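Engineer: Sequence:
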Amino acid sequence: MKVAILGAASKTGSSLALFLKQSPLIDEVAIFDSKCVYGLALDLNYIDTRCKVSTCNCPETSLEQTLDEAKVVMVVADETSKERSNEHEVLKSNADVLSDLLPNVIKFSPQAMVAVVMNPINSLIPLALEMYKKAGIYEHNRLFGVINRYSLRANTFAAERIGIEPECMMVPIIGGGCCKTCIPLFSQAKPSSKLSQIEIRRLTHAVKTSDEEISKANKDKEKPYLATSFAAARFCMSLCKAIRHERNVVESAYVRSCVIPELTYFATPLELGPAGIQKHFGIPSLTNYECELLNSVIPFLKKDIKLGEVTRYIIFPNF
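Numbering (full-length UniProt numbering), first residue to last: 1 to 319.
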């Protein structure tokens with residue numbers, strides 16, 4: 001099983017490579033970046049696990065060799081600190097990166113599962129799908145916006161409150177791929193727990209402000225790349241399991257969806273299979289509080305999706 005990481009020189013990308021190097025599911029991690037990553041590959045290959053890390057030093061063929069026969073492609077970029085960029089500047093910057101990389105993914109690895117670990121995910125996934133359409137590919141079951149870092153945090157917070165190991169907890173996430181639009185469904189947590197409405201509100205607030213808390217702790221100098229890369233690695237390994245025909249592989253991801261009539265993209269739990277999305281589980285029963293949250297995020301998601309679709313005309317003026 002070969003996995004490609006595009007953007008491997010970033011902190012998120014290099015940490016992701018380290019996590020994947022330890023996976024027994026993966027035979028090769030191919031890394032690429034506009035910066036030289038030969039030293040990173042060399043360093044990672046000193047780790048005594050079966051998986052090998054590869055890169056290519058020839059600029060003309062490095063991206064092609066990285067993507068050749070890759071089953072999973074992880075497209076990664078670090079988050080930019082608040083003081084340096086607003087959300088529109090981040091969108092423009094990462095849309096430019098995506099527009100450089102994704103046409104090569106489509107050309108050299110059109111059947112790969114593609115997981116985007118970049119912000120703003122709510123706008124970049126619509127943009128990415130437009131790139132696929134431009135190439136004449138209308139298959140959207142293999143394109144994912146990775147949002148499960150919020151699930152990790154929700155699992156951690158709920159487990160602490162209930163008093164069990166975090167690995168045993170599963171809190172589904174719906175909505176979007178940022179603190180403002182993600183909705184952790186603590187009412188649907190497994191194992192089932194009788195959290196009070198006050199506790200659910202507190203835990204939800206903790207998840208939604210977690211990025212801000214880390215930024216404050218780091219004085220806005222660094223974003224939470226370790227948890228992001230761990231979450232991306234877990235999602236990648238779920239894709240690998242699905243490709244290997246393992247059953248009952250479930251992850252929440254931001255994808256093309258019609259579960260909300262007003263929205264064309266939405267995050268819900270998905271069953272993954274060898275061809276990508278095998279089943280949309282849709283939205284489970286919600287409490288009144290969760291319904292309020294859902295209604296409040298729909299306008300933000302509408303705006304983000306439209307922004308991503310409008311960006312296509314900037315990148316492809318002759319679209």
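If you are wondering where the hints come from, they were derived from the structure by calculation, not from laboratory data. On a predicted model such as this, the values are computed, not experimentally measured, just so you know. Be careful, since some hints might not be right.
[Unchecked claim] Straight-line C-alpha distance at most 25 angstroms; calculated DMTMM-like pairs for lysine to aspartate or glutamate:
#1 Lys107 x Glu165
#2 Lys223 x Glu28
#3 Lys107 x Asp96
#4 Lys302 x Glu292
#5 Lys133 x Asp48
#6 Lys241 x Asp100
#7 Lys216 x Glu87
#8 Lys303 x Glu262
#9 Lys216 x Glu262
#10 Lys190 x Asp48
#11 Lys133 x Glu262
#12 Lys11 x Glu139
#13 Lys208 x Asp100
#14 Lys107 x Glu87
#15 Lys52 x Glu89
#16 Lys306 x Glu89
#17 Lys92 x Glu309
#18 Lys194 x Glu165
#19 Lys11 x Glu87
Engineer: Now tell me if each hint is right for this structure.
Structural biologist: Against the structure, the hints:
1. Lys107 x Glu165: Not satisfied, since the Cα-Cα distance of roughly 44 angstroms exceeds 25 angstroms.
2. Lys223 x Glu28: 28 angstroms, violated
3. Lys107 x Asp96: 18 angstroms, holds
4. Lys302 x Glu292: 16 angstroms, holds
5. Lys133 x Asp48: It is violated: about 42 angstroms lies between the C-alpha atoms, which goes past 25 angstroms.
6. Lys241 x Asp100: 29 angstroms, violated
7. Lys216 x Glu87: Between Lys216 and Glu87 the Cα gap is close to 18 angstroms, so the pair holds against 25 angstroms.
8. Lys303 x Glu262: 11 angstroms, holds
9. Lys216 x Glu262: At roughly 35 angstroms apart (the allowed maximum being 25 angstroms), Glu262 and Lys216 break the hint.
10. Lys190 x Asp48: 36 angstroms, violated
11. Lys133 x Glu262: 21 angstroms, holds
12. Lys11 x Glu139: 31 angstroms, violated
13. Lys208 x Asp100: Violated: Lys208 and Asp100 sit about 32 angstroms apart, past 25 angstroms.
14. Lys107 x Glu87: 30 angstroms, violated
15. Lys52 x Glu89: With Cα atoms ~36 angstroms apart, Lys52 and Glu89 exceed 25 angstroms; violated.
16. Lys306 x Glu89: 16 angstroms, holds
17. Lys92 x Glu309: Roughly 13 angstroms separates the two Cα atoms, so the pair holds.
18. Lys194 x Glu165: Holds, at about 17 angstroms.
19. Lys11 x Glu87: 20 angstroms, holds
Of the numbered hints given earlier, the model fails hints 1, 2, 5, 6, 9, 10, 12, 13, 14, 15; all others are met.
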